[in-house]
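Residue numbers (our numbering), protein chains in the order written: chain A, 1 to 293; chain B, 1001 to 1339.
Treat the hints as calculated values from the structure; they're not laboratory data.
Nothing here was measured: the structure is a model prediction, and the numbers come from that model.
Heads up, the beta-carbon is just placed ideally off N, CA and C, and yes, glycines get one too.
Accuracy of the hints is not assured; some may be wrong.
Covered stretches of chain B (chain A as the covering partner; in silico rule of three or more C-beta atoms under 8 Å from a C-beta of chain A) [as the list claims (entries may be wrong)]:
#1 1106-1117
#2 1124-1130
#3 1250-1261
#4 1288-1296
Here are some, though not all, of the chain A residues that point toward chain B, as calculated from beta-carbon distances under 7 Å [said to hold, decoys possible]:
#5 106
#6 120
#7 122
As a plain string of letters, each chain reads:
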Amino acid sequence: MQAFLDIFDIYLLEAIINGILLGGVLALLALGLNLIFGVIDVTWICYAELVMIGMYAMYFLVQYYGISYFIAAPLTILLVAILGALLHYLVIAPLLTAPPINQLLATGGVLFVLQSFATVAFGIDFRNLGIRLPVLAFGDMNFSYARVLSFLAALVGMVAVYLFMTRTFTGTAIRAISQDRQIMALMGVDTKRIYLITSAIGGGLAGLAACLLVLQYDVHPFVGLSFGPITFLICVLGGLGNFIGGFIAAFVFAEIISLGGLFSDLEWGYVLAFAFFIVMMFIRPAGLLARRR
Amino acid sequence: MMGQGRIVACGTALAALVALPFVYRDPYHLHILVLILIWSFAYTSWSMMGRFGLVSLGHGGFMGIGAYVTALLWNHLGLTPWIGIPVSMVAAGALALIVGYPCFRFRITGHYFVLVTLALSGIVLQIITATRDYTGGSLGYTPNRAAGNRLLALQFDDKTSWYLIALAVWLAGIIVWHLVDRSMSRYALEAISEDEDAAAAAGVNVTAEKLKITLISAVMTALAGAVYCQYQMFITPDTVSGIAVSLQMVFAAIVGGLFVSLGPTVGAVITILLAETLRIGFGTKAVGWDNLVYGVLLVLFIIFLPKGILGSLLDRLKPQRKVPRAHEQKAVQIARPGT
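Let the hints inform the model, and build the full structure from the sequences given.
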């Protein structure tokens, strides 16, 4: 009995720590989406598909052109950042005054476009980056090196965005716009430019997430569907546009998925997470950290 | 006088639709027509809610329940779809109430409602995948072929029977639409979609009205899923449930126009014909091209024709009509949270 408990605890601890590591990447994804929502007031349904394109970019840069991972990563981030800006310029900008639901659905159309573009261009095969990273053994627990690396990189990315938002003029302008979008134009801030920059940053964060996720998962055209919905739920649970809330919610979700997966299949972990989300919406409709009205 | 003319026109059109399979027997075209009718019914069910600003991405979940509950009852318990379909509709309705009641009670609207319902279809998809021992998981599921009575098993091999069934179901959907359109609920729901507080102050029971339309919509969607399953005899989680199906419903309804009764039908005709033409045109050599063109068209539609093809066309035809209702001008205006 004692032996059983020991083993159980080790697995539990391993699952908890794996949950935290997963939470880092989810938090990074949620941050990008929250930024877009908080500033432009648009939900990019196709956010996870941008990540997917980034993952393909990494795959081709590393596998076909033989570029080292660390040079390919900035290139990918740049590429997805440009994609983000393009998405804003081509799809969102004409719809800025349209009802929010139309903006949501237009980015849903982009989701179809990106998915089928990947299918057309790259085929439906699962592709693997082909980088084998060692497994870290810590006591009796095993952690994938890729996950630790992603967690750390996600943290660095988030701190960088935080510094940018608080220490630079552009960052301050972005935060100001998210508070009052009418007044900022009167204060001499070019809102169009700020929107473009924000979209590019949001895209860049998706690119960073792509560089990290490609280490852990195979890439295929529908990979976005496996973590896209969960990213939205995290953002809503944290309160759309609320960065701290999104950060906390990411870890809560990651733990639920990780622990649910420990006791049963991974799918049940997701079912639990979704059910938890619906229940939480009834308890705290405006997000985890929202002040009660 | 005008009314009589319309009745005659509708009657003639309906008679032509019923007579069609007896005159024209090409199985492929009939197959496409059946698909169009079934999906039109599903899209109509969606826009019952959608037209009042209740944009749901959870209808993939209801459709999946309709299809899977019917098929599972038939395969595992040997329960005929004649009982299984009502059971699945009740199940979908119950789920709609369970999720809908707190949503409306706690005034979850706008983006938040969209995303709660998104979670709902996510749950249904994951549960179907997770219980793969019973449902076959993502590999799909086939109802057993009936050994005895075909009518009892609701399995027919000829397209004509299916065409007539689908036509009846579709017609029922249109009739329900018109019943709602003429009822007091419609005015109540229009008031709610414009201003919930004002509607409540005017004596509209906001929660009850929203629940009613959600229930109708969910039950109809489940029926669409069940009929689709019985017709195709093969379902996978991705074709009848999940977010992709929900998005597909929203898009088709928007392309056709969701404020007119035949709008979703026009949307289904356009999207399915487009998908089929592209599929045949591009053949197997380029998988995915159809969806690429499809997606681009959808984005263009939302930017340039937000009221849909039929909606815009009808507007063009009678410009001197009464002032359009505010909520139609704004398409599906969703209240922003916090305002």
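Results of checking the hints against the structure:
no., hint, result
1, 1106-1117, "holds (count 9)"
2, 1124-1130, "holds (count 4)"
3, 1250-1261, "holds (count 3)"
4, 1288-1296, "holds (count 8)"
5, 106, "4 Å, holds"
6, 120, "4 Å, holds"
7, 122, "10 Å, violated"
Hint compliance for this structure: hint 7 is the single one not met.
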